[in-house]
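One letter stands for each residue in the lines below.
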Amino acid sequence: MTTPSNGSRLARLPHQSGVVGVEAKRVLAPTSEEELSGILREASAERSGVVVSCNATKLNFGAAPSRLDVRIELDRLTPQLAHSAGDLVVRAGASLGFDDLRAELANAGQRLSIDEVVPGSSVGGVVATALAGPLRYRYGAVRDLILGARFVRADGQSAKAGGSVVKNVAGYDVSKLLCGSHGTLAVLTECIFRLHPIPRRSVTVSAELPAAVAAAGAQAVAASDLDVAAIEYNLEGGTSILSVLVEGSSEGAERRAAGVAELLSFDSSPRRAARLDPEPPSWWGSLPGDTVLKTTFAPGEAATALELIKSVTDDAFVVRGSLGVGTLSIGVPESTSSGELVELLGGLRRSFRALGGTVQLLCGTPEQNSTVDMFGPVPGLDLMARIKAQFDPLGVLGPGRFVGGW
Amino acid sequence: MTDVTIAPTRAVELVVHRLVQQLGPDAVITDELRRRTYECDGLTQHRSIPGVVVLPTNAEQVAATVAICVAYQVPFVARGAGTGLSAGAMPSSDGVLIVLTKLRAVIEVDLESRRVVVEPGVTNLEISEAVSASGYFYAPDPSSQQVCTIGGNVAENSGGAHCLKYGFTTNHVTGLKGVSGDGTPFAIGGKAPDPPGYDLLGAFVGSEGTLGIATEVTVRLVRKPETIVTLLAAFESIDLAGSAVSAVIASGVLPAAIEMMDALAIEAVEVAVHANYPKAGAVLLIEIDGPADEVAIDRALVEASLVAHHATELRSAESAAERALLWKGRKSAFAAVGRISPHFIVQDGVVPRTALGEVLAKIGKLTGDTGVRVANVFHAGDGNLHPLVLFDAAIEGQQAAAEEISAQIIALCVDHGGSITGEHGVGLDKIGSISKMFTHDDLDTMQMIRCAFDPDRLSNPGKIFPTPRLCGEAPRVRRGDATGSGEALTGLF
Numbered sequence: 001m002t003t004p005s006n007g008s009r010l011a012r013l014p015h016q017s018g019v020v021g022v023e024a025k026r027v028l029a030p031t032s033e034e035e036l037s038g039i040l041r042e043a044s045a046e047r048s049g050v051v052v053s054c055n056a057t058k059l060n061f062g063a064a065p066s067r068l069d070v071r072i073e074l075d076r077l078t079p080q081l082a083h084s085a086g087d088l089v090v091r092a093g094a095s096l097g098f099d100d101l102r103a104e105l106a107n108a109g110q111r112l113s114i115d116e117v118v119p120g121s122s123v124g125g126v127v128a129t130a131l132a133g134p135l136r137y138r139y140g141a142v143r144d145l146i147l148g149a150r151f152v153r154a155d156g157q158s159a160k161a162g163g164s165v166v167k168n169v170a171g172y173d174v175s176k177l178l179c180g181s182h183g184t185l186a187v188l189t190e191c192i193f194r195l196h197p198i199p200r201r202s203v204t205v206s207a208e209l210p211a212a213v214a215a216a217g218a219q220a221v222a223a224s225d226l227d228v229a230a231i232e233y234n235l236e237g238g239t240s241i242l243s244v245l246v247e248g249s250s251e252g253a254e255r256r257a258a259g260v261a262e263l264l265s266f267d268s269s270p271r272r273a274a275r276l277d278p279e280p281p282s283w284w285g286s287l288p289g290d291t292v293l294k295t296t297f298a299p300g301e302a303a304t305a306l307e308l309i310k311s312v313t314d315d316a317f318v319v320r321g322s323l324g325v326g327t328l329s330i331g332v333p334e335s336t337s338s339g340e341l342v343e344l345l346g347g348l349r350r351s352f353r354a355l356g357g358t359v360q361l362l363c364g365t366p367e368q369n370s371t372v373d374m375f376g377p378v379p380g381l382d383l384m385a386r387i388k389a390q391f392d393p394l395g396v397l398g399p400g401r402f403v404g405g406w
Numbered sequence: 001m002t003d004v005t006i007a008p009t010r011a012v013e014l015v016v017h018r019l020v021q022q023l024g025p026d027a028v029i030t031d032e033l034r035r036r037t038y039e040c041d042g043l044t045q046h047r048s049i050p051g052v053v054v055l056p057t058n059a060e061q062v063a064a065t066v067a068i069c070v071a072y073q074v075p076f077v078a079r080g081a082g083t084g085l086s087a088g089a090m091p092s093s094d095g096v097l098i099v100l101t102k103l104r105a106v107i108e109v110d111l112e113s114r115r116v117v118v119e120p121g122v123t124n125l126e127i128s129e130a131v132s133a134s135g136y137f138y139a140p141d142p143s144s145q146q147v148c149t150i151g152g153n154v155a156e157n158s159g160g161a162h163c164l165k166y167g168f169t170t171n172h173v174t175g176l177k178g179v180s181g182d183g184t185p186f187a188i189g190g191k192a193p194d195p196p197g198y199d200l201l202g203a204f205v206g207s208e209g210t211l212g213i214a215t216e217v218t219v220r221l222v223r224k225p226e227t228i229v230t231l232l233a234a235f236e237s238i239d240l241a242g243s244a245v246s247a248v249i250a251s252g253v254l255p256a257a258i259e260m261m262d263a264l265a266i267e268a269v270e271v272a273v274h275a276n277y278p279k280a281g282a283v284l285l286i287e288i289d290g291p292a293d294e295v296a297i298d299r300a301l302v303e304a305s306l307v308a309h310h311a312t313e314l315r316s317a318e319s320a321a322e323r324a325l326l327w328k329g330r331k332s333a334f335a336a337v338g339r340i341s342p343h344f345i346v347q348d349g350v351v352p353r354t355a356l357g358e359v360l361a362k363i364g365k366l367t368g369d370t371g372v373r374v375a376n377v378f379h380a381g382d383g384n385l386h387p388l389v390l391f392d393a394a395i396e397g398q399q400a401a402a403e404e405i406s407a408q409i410i411a412l413c414v415d416h417g418g419s420i421t422g423e424h425g426v427g428l429d430k431i432g433s434i435s436k437m438f439t440h441d442d443l444d445t446m447q448m449i450r451c452a453f454d455p456d457r458l459s460n461p462g463k464i465f466p467t468p469r470l471c472g473e474a475p476r477v478r479r480g481d482a483t484g485s486g487e488a489l490t491g492l493f
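Going line by line, the protein sequences match chains A and B.
Letter 60 of the first sequence, counting from 1, is numbered 60 in this note's numbering, and no numbers are missing.
Letter 137 of the second sequence, counting from 1, is numbered 137 in this note's numbering, and no numbers are missing.
By construction, these hints were calculated from the structure, which means they are not laboratory data.
Among the hints, erroneous ones may be present.
Counterexamples of contact, computed for chain B against chain A with all Cβ distances above 10 Å [to be verified]:
| # | residue |
| --- | --- |
| 1 | D26 |
| 2 | A105 |
| 3 | A130 |
| 4 | A133 |
| 5 | N276 |
| 6 | A304 |
| 7 | A317 |
| 8 | S319 |
| 9 | H343 |
| 10 | E396 |
| 11 | A400 |
Simulated pairs of lysine to any residue, SDA-like, Cα-Cα distance not exceeding 25 Å [unchecked claim]:
| # | chain 1 | residue 1 | chain 2 | residue 2 |
| --- | --- | --- | --- | --- |
| 12 | A | K160 | B | P466 |
| 13 | B | K362 | B | D415 |
| 14 | B | K102 | B | P185 |
| 15 | B | K331 | B | E318 |
| 16 | B | K165 | B | E318 |
| 17 | B | K165 | B | R299 |
| 18 | B | K436 | A | E33 |
| 19 | A | K160 | B | V414 |
| 20 | B | K224 | A | R200 |
| 21 | A | K160 | B | C471 |
| 22 | B | K165 | A | G140 |
| 23 | A | K160 | B | L470 |
Examples of chain B residues toward chain A, derived with CB under 10 Å [stated by the list, open to error]:
| # | residue |
| --- | --- |
| 24 | D441 |
| 25 | M448 |
| 26 | C451 |
These figures come from a predicted structure and were not determined experimentally.
Glycine included, every Cβ here is placed at the ideal spot set by N, Cα and C.
Isolated chain A, as found in the complex:
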């Protein structure tokens, strides 16, 4: 690769140049889409391995790159933001801080209904990892709220997909394909989202309930017409809590929260009365640890899923997730060896398969990510391999980082 003439592309001091224990030969920080494009073009020409990040908060969400010639940091791209409040739509640069975006939208009484699961994330990082928190129960996951995207392909070509209107079926929905693709298909530079008004009132109803009762409670709330925004569960240090978020008008949210509390008052449980709080509990929407297994299951199988997880974990583990959606994450204690992790993951995968679900290692230590098959069996992998071969035929973007090991 030629020496970049533009000063901004000079290799930076690698404050964190490693990706899952693999050191990058160079770190480049483009300041414009054109520079990014040039870097990717050169990388393709040289068949380099490239890993893209912005705030480097989720580099441990993926396997070790099979080669890492260049790390591209997007944090010097201009963090653009164009908010069309009247249209409830925002166009945000990939490098924009997710909390900056939220603050800006809040000024207009609006929000992007995606929780910031990992603090310090950029807009592009949230989309690339498709990390969604509790609000997805009511508002959908990242894929459901993205309307369009601008991106640079592995060959350096810029392109866009979707648009900035809430309804649009012109062409393929490439934006959705890029959601959760971990930067292995293209590099996002801009995302367009659908927004919602910030509800006038939010109330969280929390009840300490044994796991099986909590699952039944989640089911009862979901089956009711109380129209709640999120149904979350947390099992930490042996304390099992179901928390339900109710949003709406001042009086309405209170009344429905009371309705939820009523539903969660099971006669058979050694209950403490459900509590109504203006703020959600401290664990709300955060990951249950540094090493996290993410399970998914048919929502109706929540009780079985919880039981299965409990049967292979102890109080050193944290279990947390969206019971109403059908996903629970397991925070694995630091003391767990890679060998134990492999065994745990294998057992859970067999069990969750029967529930129509999957188990992935969402994030872990470099050693764990390198030892463990993070993604497990992937239905449709043959089609995904062909998509990857089309978008990135030279295997430049995130080699070895995502499913299939490409």
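Once you have looked at the hints, place chain B on chain A.
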């Protein structure tokens, strides 16, 4: 039935022979008269008699049919009820039309997981009917929901009046089984969320039958709201109604639906179904649903917005029967227009909500002295316009003028940052417009997905994309200049 020599090409003849062997003679239609009944979808100006029609009864037969097409490199088109409005299901004269209406089993209703698993020939409304008594519904509700099939909904990413609040088909499909354009079977997702890897569901839903055929669909159910209120508001002009829509959205309320009709559309439905709409420049139908007290509060906010924007009349419906009456006019609008005009074009475009007033005013000026009229019936809440361009083909020059006006409406949508289609799809009809919205490189990128699923472009060829991408090209590096010429540049860096 007489045996007819079909054979536009030798390949189709060979395919017919194999199809009869595989599916049996009753499932294969070669008679020309019977084939002719499938020559178009709901957009009747585009017609082509299919080379042969097959009516498989299960997923295996669909896969076998596709395998035969792939073996002989014969194109195929999947078709549900044929209600599409973009000629997306128009057959190939030298290909196979695969009609999926016999795959109509509701495979599983899982209320605990709030999922239903169906075959593609099940109609949209049948899903809601299957779960209605239990308090659930399937949210996407295209106007044709009584007859349109879920397979077609998946292909088109169908919306409907209530997608303002509830989203589109793509937000409600959690699993798909089927066969890709090159015959690869796939099973992605299911009742659980977040299948690992790339979002193939997101890529497939809305791909207009160009990536393959879905033979099993898992959809999400939504709990029926506690309360539904429908409001009808009349305005002196469409501009005032448009401003009222913006005000409602700005007030922080998200209604389930906001529909608008202009004076000409109102006139048409009054003639056709006597919906008893007020005489007005425009009416809005606004539906608010949810918990009773939220609906009461939202209703007050909406009514305040409507009054502040000079609504001349306000009606409400709270019972199902009253609601049905208010909706009757809206739902019959397209058909009703046929009573006041011998011919019309149904257009489908999207503008940002804030541009509604401006675009509608410009559309009003497009007709000039052509004699063509435009009736507006549309999903105002999400900016999805359905202008009906009315003309009389018997009058010389009117059809051409109507087509020109229709094209100008789409250009207006794109100029205002909108889309060439909100729900009808590109199909064959808008293949000439998609380049207004996307560059060559945008379209080329989309077709990388096509190349992955259907490298030989056998599945619904000739739709969506004006210029096919050649899939077998060797890996190459593109020059970053404006030409996007894509010559191999290996070694230049």
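So, going through the hints one by one against the coordinates:
| no. | hint | verdict |
| --- | --- | --- |
| 1 | D26 | holds, 33 Å |
| 2 | A105 | holds, 19 Å |
| 3 | A130 | holds, 16 Å |
| 4 | A133 | holds, 14 Å |
| 5 | N276 | holds, 30 Å |
| 6 | A304 | holds, 14 Å |
| 7 | A317 | holds, 20 Å |
| 8 | S319 | holds, 18 Å |
| 9 | H343 | holds, 25 Å |
| 10 | E396 | holds, 33 Å |
| 11 | A400 | holds, 25 Å |
| 12 | A:K160 - B:P466 | holds, 17 Å |
| 13 | B:K362 - B:D415 | holds, 12 Å |
| 14 | B:K102 - B:P185 | holds, 20 Å |
| 15 | B:K331 - B:E318 | holds, 18 Å |
| 16 | B:K165 - B:E318 | holds, 19 Å |
| 17 | B:K165 - B:R299 | holds, 15 Å |
| 18 | B:K436 - A:E33 | holds, 23 Å |
| 19 | A:K160 - B:V414 | holds, 15 Å |
| 20 | B:K224 - A:R200 | holds, 23 Å |
| 21 | A:K160 - B:C471 | holds, 20 Å |
| 22 | B:K165 - A:G140 | holds, 12 Å |
| 23 | A:K160 - B:L470 | holds, 20 Å |
| 24 | D441 | holds, 5 Å |
| 25 | M448 | holds, 4 Å |
| 26 | C451 | holds, 5 Å |
Comparing the model with each numbered hint stated earlier shows that all of them hold.
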